[in-house]
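Could you put the whole structure together from the sequences, leaning on the hints where they help?
So the sequence lines, in the order shown, correspond to chains Z and H.
Sequential numbering from 1 applies to the first sequence in full-length UniProt numbering.
Sequential numbering from 1 applies to the second sequence in full-length UniProt numbering.
Incorrect hints may appear among the rest.
No farther apart than 25 Å at their CA atoms in a straight line, the calculated lysine to aspartate or glutamate pairs in the DMTMM-like style are these [as the list claims (entries may be wrong)]:
1. H:LYS256 x Z:GLU248
2. H:LYS151 x Z:GLU248
3. H:LYS213 x Z:GLU161
4. H:LYS213 x Z:ASP169
5. H:LYS213 x Z:GLU248
6. H:LYS43 x H:GLU250
7. H:LYS44 x H:ASP251
8. H:LYS102 x Z:ASP101
9. H:LYS172 x Z:ASP148
10. H:LYS59 x Z:ASP169
11. H:LYS172 x Z:ASP253
12. H:LYS253 x Z:ASP253
13. H:LYS172 x Z:GLU162
14. H:LYS213 x Z:ASP101
15. H:LYS172 x Z:ASP169
16. H:LYS172 x Z:ASP101
17. H:LYS151 x H:ASP251
None of these hints come from the bench; they were simulated from the model.
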Amino acid sequence: MNAASPSRAGWALVLPLVAFIAIAFLAPIATMLLQSVHDPEIADLMPRTREALARWDGISVPQNGAQAVTADLRAASAANQISRLAQRLNRERSGFRALIDVTARQLDRNPDTELAQIDPGWSDPDLWRLLARVTSPWTGQHLLNALDLTVTADGAIVRQEEARRLYVDLFLRTAWVAALVTLICALLGYPYAYAMAAAGPSLRALLLFLVLLPFWTSLLVRATAWIVLLQRRGVINEGLLAMGVIGETGRLDMIYNMTGTIIVMVHVLLPFFVLPLYSVMAGLPASYVRASASLGAHPLRTFARVYLPLTYPGVAAGGLLVFILSLGYYVTPALVGGRTGQLISNQIAFHMQRSLNWGLAAALGTLLLLAVLLLALTLPRLAERGGLRA
Amino acid sequence: MVIACPKVSSAALLGLLITYGPACAADALTIASFGGQYTASQKKSQYEPFTASTDVTIKSVDYNGGLAELTAQVRSGTVSWDVVDVELQDLDRGCADGLFEKIDPAQLPAGSDGVPAIADFVTGSLHDCGVGTVIWSNVLAFRDPAFPDAKPSRIEDFFDLERFPGRRGLPKRPHAILEWALMADGVSPSEVYRVLATPEGLDRAFAKLDTVKDHAVFWETGAQMIQLLADGEVALSAAYNGRVQSAISEDAKPLKIIWDRQIWNADYYAVVAGTGAKGRALDFIRFATGTVPLAEQTKYIAYGPVRRSSQPLIAPAIAATLPTAPSNFSNALAFDAAWWISHGDAINDRYAAWLVQ
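Encoded structure:
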């Protein structure tokens with residue numbers, strides 16, 4: 001024990017980081033993945049019902065079911081958990097809360113009452129099939145719901161009714177927005193990064209400063225600044241009005257909709273595109289371009305055949321960074337997206353913070369994570385292949 | 001005011017960094033409320049006088065209603081709020097879920113006229129888990145210059161884009177909105193909750209909302225709502241009366257309130273279950289819901305006190321702006337918190353989906 005080997009000392013040095021990643025990153029993600037398919041709340045509150053229904057044929061009203069439910073409800077009542085149970089069951093079927101409340105109250109008064117006498121709802125086999133399904137701690141329900149699917153009483157998987165279909169559209173909308181923001185960032189960022197790489201030292205410092213200044217500014221401040229500029233009585237609309245470009249009724253809707261979301265997202269994410277691209281461009285020897293020119297290539301040809309392919313790694317890195325960050329965007333759409341500019345993360349937040357449906361939030365998060373992982377694994381390879389071919 | 005911390009060890013400092021908890025729990029209290037003008041009114045009429053008389057500092061936290069943050073705190077055993085300002089539907093549900101400590105109304109001080117608390121608080125404003133503070137109201141509010149000729153005056157006008165063109169402001173939660181949609185569609189106030197409980201009634205309310213959906217801007221907080229109205233982003237909006245009144249009387253914004261079929265609700269103070277400062281929290285609630293602080297609060301926001309003994313202390317000019325003023329209250333509807341507790345889950349989800357679709 002007198003001298004630790006260098007490698008062991010090295011391990012000791014990175015141990016805090018490993019522990020930090022495990023605690024602050026891996027553990028929460030594992031919890032989320034688990035929560036999207038594992039929801040033991042009802043099973044814990046109704047253990048006897050769970051056991052009784054596990055061996056049920058699923059056809060007639062189960063023989064020992066009523067007895068088990070009665071025992072579970074009385075136990076929950078004694079532990080002050082009826083409201084929690086009723087609330088949780090109500091999420092599975094609207095009206096369940098009232099049924100549980102009435103039944104529990106009746107049982108408190110007279111423990112020997114038959115369930116079917118308290119409420120005819122208890123003689124409905126569909127209700128028992130639902131109970132059999134929801135008392136299992138493992139569920140695919142949340143993942144199905146996250147894809148706008150649901151399970152009918154007889155176990156078939158069907159699409160949600162139209163008023164509840166939402167998430168598939170939102171996932172597609174999110175992917176579309178991310179692609180569009182990436183494209184706009186590329187169109188704006190490429191010339192800018194080129195200008196930075198080509199400029200002299202003092203101009204370069206200024207250009208770099210102009211990229212970094214918004215980068216260092218709080219997200220909220222930037223969103224608020226955009227609101228001031230873009231809103232209906234904002235700087236741009238008032239300016240256009242004063243110049244006579246638009247009339248009082250022709251004010252432009254540039255914020256609290258998809259336009260607002262995209263403008264602000266591009267502004268926030270542009271540095272993530274420019275900086276990696278610039279670092280690639282700055283590393284390119286000027287001699288390649290000069291060689292191409294001296295061999296007689298037109299400047300456009302030089303750009304298309306020599307310069308552009310050499311900067312692909314920067315474009316790919318910046319593009320991937322912007323695209324993946326866009327997929328998870330939350331604050332910006334919440335502040336400036338209005339109704340039509342909301343993305344999938346806003347729904348995840350809604351289920352975390354307001355509807356308390358953490359299972360569904362976890363399922364949506366899981367799908368988003370899978371999509372990002374898939375992209376992160378495939379896109380660099382695609383980009384690499386494209387770069388090699390060029 | 002400087003707080004003397006008796007022992008600050010490095011471990012305590014680390015704990016402070018991690019939890020953002022109050023450094024000296026011995027004389028601090030964290031109160032969560034709805035922010036903006038509303039919290040400002042509580043600070044001036046209740047927090048500051050309480051601190052002055054007891055030396056307990058109050059840390060104010062903003063939240064946006066709902067039980068999510070509270071549930072997370074209580075279930076994980078890391079309670080960082082001591083007192084919360086809650087609406088009835090959250091109080092009722094949180095009480096049944098064990099999120100709040102029970103409060104015995106016999107502990108509350110009598111009114112300044114000597115009437116015991118139980119008789120002094122208006123019916124419904126004392127709850128097993130909370131003590132009522134103000135009556136506030138869901139109203140419509142509009143920008144006066146947006147309607148140079150005829151002014152909107154009824155709930156129906158919100159859905160009448162032809163006579164009253166302009167963008168509409170709606171909250172991101174359905175409370176009071178679905179009720180109004182049905183009433184504007186011809187359902188009488190006494191029938192609203194019965195009709196809304198049926199699938200057809202709910203569809204009917206959403207169909208009515210569809211007619212203004214493309215002209216609607218949605219807000220999350222009361223402060224946002226006022227900003228949208230003041231900046232002219234919306235012409236006519238669902239609103240909380242007190243915040244509109246403050247914008248009118250303090251910031252001279254050209255806004256008007258429509259009292260037609262206002263839907264009133266109450267706010268309560270509740271003590272979070274498992275807080276380490278239960279005694280101080282109760283002291284605060286006893287103080288803040290006293291006759292004088294409740295009457296004082298009306299100077300800063302136009303919400304009506306729930307104590308009868310506070311009424312005579314309110315200046316007539318202010319009393320006329322409260323939801324409970326007779327001229328404003330003639331066809332008011334009481335928000336049915338119990339109804340929302342049993343039907344709210346499915347409707348909230350549907351409204352959230354409707355909003356994004």
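Hint by hint, here is what the structure shows:
no.	hint	verdict
1	H:LYS256 x Z:GLU248	holds, 22 Å
2	H:LYS151 x Z:GLU248	holds, 20 Å
3	H:LYS213 x Z:GLU161	holds, 20 Å
4	H:LYS213 x Z:ASP169	holds, 18 Å
5	H:LYS213 x Z:GLU248	holds, 22 Å
6	H:LYS43 x H:GLU250	holds, 17 Å
7	H:LYS44 x H:ASP251	holds, 18 Å
8	H:LYS102 x Z:ASP101	holds, 21 Å
9	H:LYS172 x Z:ASP148	holds, 21 Å
10	H:LYS59 x Z:ASP169	violated, 42 Å
11	H:LYS172 x Z:ASP253	holds, 20 Å
12	H:LYS253 x Z:ASP253	holds, 23 Å
13	H:LYS172 x Z:GLU162	holds, 20 Å
14	H:LYS213 x Z:ASP101	violated, 36 Å
15	H:LYS172 x Z:ASP169	holds, 20 Å
16	H:LYS172 x Z:ASP101	violated, 29 Å
17	H:LYS151 x H:ASP251	holds, 22 Å
When the structure is compared with the earlier hints, violations turn up for hints 10, 14, 16 and for no others.
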